[in-house]
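Undergrad: Residue numbers (our numbering), protein chains in the order written: chain A, 21 to 179; chain B, 3 to 100; chain C, 3 to 119.
There could be a bad hint or two in this list.
[As the list claims (entries may be wrong)] Per label pair, the in silico range of CB-to-CB distance: (1) R59(B) / A10(C): 13 to 23 Å; (2) G20(B) / L63(A): 16 to 26 Å; (3) V57(A) / A109(C): 52 to 62 Å; (4) L71(C) / D28(A): 16 to 26 Å; (5) P114(A) / R59(B): 44 to 54 Å.
Quick caveat, the hints were computed from the structure, so don't treat them as lab data. All residues carry an ideal CB built from backbone N, CA and C; glycine is no exception.
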Amino acid sequence: MIRRLGFDMALAVLYLSWSGNHAWPGILVGLVLGFIVVSVYDLGTQHPNHGRRALRMLRFGVYFLAILVRSNLQIAREIMTPGFSQTPRILRYPVDDLDDFQTTVLANCITLTPGTLVVDVSDDGRWLYVHCMYALDRSEAIAGLRRLDERLRREVFSW
Amino acid sequence: MVAVVVQAGILAVVVGIGMTMYRMLKGPHIADRVLAGDVLSLQVVALVILLAVDQRRAVSLDVALMVAIVGFASTLAFAQYIGAAGGDLQPPDEGEGG
Amino acid sequence: MDATREIATVLLLVSGLSFMLIGAWGTVRLPDAYHRLHASSKCSTLGLLGLLLGAVVHIGTAAALTKALLTLVFAFVAAPVGSHILARSAHAAGLEQWDRTLSDELAEDQGDHPEDQ
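From just these sequences and the hints, can you work out the full model?
TA: Rendered as structure tokens:
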């Protein structure tokens with residue numbers, strides 16, 4: 021119910037801004053202020069703290085942008101310097117305990133991080149198959165994927 | 003200064019389109035051609051964004067979103083086609099035009 | 003203020019355009035379709051980010067911001083999904099890989115599922 025209300029409100033803000041209605045920045049300020057008030061209220065009670073969660077999600081967004089830029093610089097260097105130094109493999113990576121939506125988010129993040137590209141998901145949803153450009157040492161490549169996975173679990177999936 | 007960047011940007015996009023056309027005509031496997039078409043649609047999106055910058059109007063950004071959506075849908079359709087056809091899609095060696 | 007804005011626009015547009023160009027170059031130069039997918043998914047996403055932010059800074063209206071954000075959200079979801087589904091069907095169609103590929107655990111696993119890690 022609450023989720024549907026939030027969806028309705030997001031659509032309303034989208035419509036207002038798309039149609040060039042000049043009132044929408046005010047409505048946005050109202051929404052943000054309301055969110056801050058609710059977060060402050062959460063601080064003094066036993067309720068789950070939405071403010072801190074939103075902050076953690078924001079921090080993950082910044083981290084994600086940083087690794088996106090780094091992966092672009094890496095592949096740009098590979099394209100622009102003569103010769104190839106890749107040591108590609110297709111690895112399997114376990115995602116047993118994630119549901120479908122979380123697997124999708126993790127797969128998208130893996131594709132946009134340096135040197136990795138998701139090729140396939142097994143039919144039962146237990147394994148991701150990842151094409152790694154630099155995987156001379158298999159366990160090291162898996163450890164890199166694990167770092168991203170754990171960060172995503174800690175900061176986004178813990179809602 | 004922005005006008006100069008827009009002109010240079012159009013040139014850069016044209017060069018990029020030329021490169022993707024090369025891959026689309028040559029690409030050994032059909033997946034290479036579809037991938038080139040995907041990149042090509044994104045180059046067109048970049049061109050439309052440059053148009054929006056040049057006109058200084060937000061309306062053209064609608065077009066960019068639409069081109070991106072159509073490009074994504076066509077990539078999906080081609081990918082389904084490749085997956086459904088399985089292994090019997092190896093093109094003949096003389097490389098017909100894409 | 004206007005000068006800063008113009009410089010920001012130029013920087014964002016130039017970085018976006020160079021990443022788009024590098025992505026296109028990557029599709030020509032890299033050795034097999036998987037590597038080309040790496041180039042296209044990463045570079046076009048960041049390139050669109052730069053171009054759209056440049057357009058928003060230059061146009062400077064709320065409507066432009068909304069449209070750019072929607073396009074960005076779409077690009078950040080669509081580019082990885084598109085490259086994923088393309089790689090998957092290419093692998094199913096038996097695309098031969100670069101001869102320096104070390105191992106292919108997907109081909110090993112096709113059919114039965116592994117119990118070891």
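Undergrad: Could you run down the list of hints and mark each one as holding or not?
TA: Hints, one by one, checked against the model:
{"no.": "1", "hint": "R59(B) / A10(C): 13 to 23 Å", "in the structure": "holds (19 Å)"}
{"no.": "2", "hint": "G20(B) / L63(A): 16 to 26 Å", "in the structure": "violated (58 Å)"}
{"no.": "3", "hint": "V57(A) / A109(C): 52 to 62 Å", "in the structure": "holds (56 Å)"}
{"no.": "4", "hint": "L71(C) / D28(A): 16 to 26 Å", "in the structure": "holds (19 Å)"}
{"no.": "5", "hint": "P114(A) / R59(B): 44 to 54 Å", "in the structure": "holds (50 Å)"}
Hint check: a violation occurs at hint 2 only; the rest are consistent with the structure.
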